[in-house]
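Trainee: Each chain, letter by letter, is given below.
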Amino acid sequence: MKLVRDVLDKQIRGRDGEKLGKVDGIILELREGEPPRVAYLELGSATMARRISRRLERWAIVLNRKLGVRRPRYRIAFDRVLAYEVDVKVDIDTRTSPAFAWERWFRDHIIRRIPPG
Amino acid sequence: MKKKDLMNLTLGIITSIGGFLEVGSMATAATAGALFGYKLLWAIFFSTLGLIFLIEMSGRFAAVSKRALADAVRERFGFVFTIVPRLLEVLVNLLVLAAEIGGVCLAIKLVTGWPIVALAIPIALLLWLVIWFGTLSWIENSTAILGLMTIAFVVAAWKLHPDPHELLRGFVPSRPSEGAAKYWFLAVSIAGSTISPYMFHFYSSGAVEEKWDEESLTSNRLTAIGGMGFGCLMSIGVLIVSARVFLPLHIQVDSYEQLAVVLSPVLGRWGFPLFAGSLGVCCFGAAAELALSTGYLIAQTFGWNWGEDRRPLEEARFSATYSIVIVLAAVIMTTGLDPLKLTLFSMALTAVILPAVIVPFLLLVNDEHYVGKHVSGWIGNTVVVIVVLVASVIALVAIPLELAGGS
Numbered sequence: 001m002k003l004v005r006d007v008l009d010k011q012i013r014g015r016d017g018e019k020l021g022k023v024d025g026i027i028l029e030l031r032e033g034e035p036p037r038v039a040y041l042e043l044g045s046a047t048m049a050r051r052i053s054r055r056l057e058r059w060a061i062v063l064n065r066k067l068g069v070r071r072p073r074y075r076i077a078f079d080r081v082l083a084y085e086v087d088v089k090v091d092i093d094t095r096t097s098p099a100f101a102w103e104r105w106f107r108d109h110i111i112r113r114i115p116p117g
Numbered sequence: 001m002k003k004k005d006l007m008n009l010t011l012g013i014i015t016s017i018g019g020f021l022e023v024g025s026m027a028t029a030a031t032a033g034a035l036f037g038y039k040l041l042w043a044i045f046f047s048t049l050g051l052i053f054l055i056e057m058s059g060r061f062a063a064v065s066k067r068a069l070a071d072a073v074r075e076r077f078g079f080v081f082t083i084v085p086r087l088l089e090v091l092v093n094l095l096v097l098a099a100e101i102g103g104v105c106l107a108i109k110l111v112t113g114w115p116i117v118a119l120a121i122p123i124a125l126l127l128w129l130v131i132w133f134g135t136l137s138w139i140e141n142s143t144a145i146l147g148l149m150t151i152a153f154v155v156a157a158w159k160l161h162p163d164p165h166e167l168l169r170g171f172v173p174s175r176p177s178e179g180a181a182k183y184w185f186l187a188v189s190i191a192g193s194t195i196s197p198y199m200f201h202f203y204s205s206g207a208v209e210e211k212w213d214e215e216s217l218t219s220n221r222l223t224a225i226g227g228m229g230f231g232c233l234m235s236i237g238v239l240i241v242s243a244r245v246f247l248p249l250h251i252q253v254d255s256y257e258q259l260a261v262v263l264s265p266v267l268g269r270w271g272f273p274l275f276a277g278s279l280g281v282c283c284f285g286a287a288a289e290l291a292l293s294t295g296y297l298i299a300q301t302f303g304w305n306w307g308e309d310r311r312p313l314e315e316a317r318f319s320a321t322y323s324i325v326i327v328l329a330a331v332i333m334t335t336g337l338d339p340l341k342l343t344l345f346s347m348a349l350t351a352v353i354l355p356a357v358i359v360p361f362l363l364l365v366n367d368e369h370y371v372g373k374h375v376s377g378w379i380g381n382t383v384v385v386i387v388v389l390v391a392s393v394i395a396l397v398a399i400p401l402e403l404a405g406g407s
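Protein sequence lines, in the order shown, are assigned to chains A and B.
Number 117 marks the last residue of the first sequence (this note's numbering); no jumps.
Number 407 marks the last residue of the second sequence (this note's numbering); no jumps.
Check before you lean on any hint, since a few could be wrong.
As the list claims (entries may be wrong) - If you want the ones that stay clear, here's a sample from chain B, every Cβ over 12 Å from chain A, calculated:
id: 1; residue: D71
id: 2; residue: R317
id: 3; residue: H374
Claimed, not checked - Here are the simulated distance ranges between beta carbons:
id: 4; chain 1: B; residue 1: I151; chain 2: A; residue 2: R65; range: 53 to 63 Å
id: 5; chain 1: B; residue 1: F171; chain 2: A; residue 2: R71; range: 55 to 65 Å
id: 6; chain 1: A; residue 1: P115; chain 2: B; residue 2: E214; range: 42 to 52 Å
id: 7; chain 1: A; residue 1: R54; chain 2: B; residue 2: L148; range: 48 to 58 Å
id: 8; chain 1: B; residue 1: L389; chain 2: A; residue 2: S53; range: 28 to 38 Å
Source of the hints: derived by calculation from the structure; they are not laboratory data.
Backbone N, C-alpha and C define an ideal beta-carbon position, used for all residues, glycine too.
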């Protein structure tokens, strides 16, 4: 498996099939005398922003904090990957996951307040 | 033909009606006909040829890889590469959506006399309600059926008995004797209005949502040729009618109000309502496609839930995105911008960004990792590369000349 080509930027789905986000970053664990190992998949606006510039990452963190989203990035342990097909399926309950915080924010602050929402 | 294939064909026809003959193609074809007679027919023909291949490719890609385009572009080329073309696309979509909302307002203004500035917000609200409550197939079918009234342009063109030799000459690119800057600007505007990237995103997202598979490839091909061919015919109809009605009277179309009478000399008292109806329905269909397409584009780039058939609460970010886009487009139209100028300019701008959108797409439909044995053939690849590169190079030259008021 080629990490950058086959894992980075792939769609992540929770075990309920809902879309959690994309693989915005990959965290490798460096081990003494052994090859590095994939420890986590990382997703979140701060991770995405970091790929463009550090300054943008700082802005993303500030924006998250101002809007009450506590975690601008979220890590999923690699051993929670259930299946690797068209999308990466992970053993996470999407609805309660911090990775779904922005979805919840939009749902509760905007969509639910629109009468037919 | 199976029910699923028929549904696929419907998706193609709505894409062609809602996406092909809309305010952009009507305005560009009519202006081209009024100023240069049949001389720009080649621009419609070659752009449609490119579009047929691109639509077929986007449907095939979605059916085989099970991915929508924006999803796959990010996955294959990465976030950093994706973000700039996406921003450009969203910006252009916003301008085109504003022009489409302007087109619907204009259709109503033609009948009622109410000002566009006052109509923009109510029309945007109606558009939002349709998307919010409607399903993909409902939007597709209703616009497809209503949009059939655009056949009026072909009927009118037929009744005007254009000289076939002159018509055929129009399909061969030629240089104009005067007004070169306007001529090339219109050529790229026609290309931009025909090869609109939002159409691929809408089409490929619809294919994923309707769960196309490899068995859908034949109907996909038929849809691309039939649906886009139908749209092309309507556009050619507009150009011919405009050339026959306006050119002999030396009427230079510089507002939509002038365009409104184009069918009247041929279809009598039916001409005016048919023009207003066609404009309203086509622009509304295109506006729905654009708003959804922009939502798809952003949701797929960031990996959010998306889909027209789900409840807004289940895809809050997607629903909020298309809602915000509709509001912004409506606000643009309330500033009193000239809708015809906005349309022609945003169409030409579309031609400029085409390579940034099409090149990654072409690489994907030729990548066996995604489409296996269904990679594109050399004919399709060559036609698309030539059409897109020529359109964007001409656009880069023609837009500054047009802005400088050159002729």
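Trainee: Would you mind marking each hint as holding or not holding in the structure?
Mentor: Now for the hints, and whether the structure bears them out:
1. Non-interface call for D71 of chain B relative to chain A: violated, since the shortest CB-CB distance, roughly 6 Å, does not exceed 12 Å.
2. For R317 of chain B, the non-interface assignment is contradicted: its Cβ lies about 5 Å from the closest Cβ of chain A, within the 12 Å cut-off.
3. Against the 12 Å criterion, H374 of chain B stays outside the reach of chain A, whose nearest CB is about 16 Å from its own CB.
4. Remark: the range hint 53 to 63 Å for I151 of chain B to R65 of chain A is upheld by a beta-carbon distance near 57 Å.
5. Look at F171 of chain B against R71 of chain A: about 59 Å separates their beta carbons, and that is inside 55 to 65 Å.
6. A hinted range of 42 to 52 Å for the beta carbons of P115 of chain A and E214 of chain B is consistent with their spacing of about 43 Å.
7. The beta-carbon spacing between R54 of chain A and L148 of chain B, approximately 55 Å, falls within the hinted interval of 48 to 58 Å.
8. For the pair L389 of chain B and S53 of chain A, the supplied restraint of 28 to 38 Å holds, since their beta-carbon distance comes to about 31 Å.
Going through the hint list in order, the structure does not satisfy hints 1, 2.
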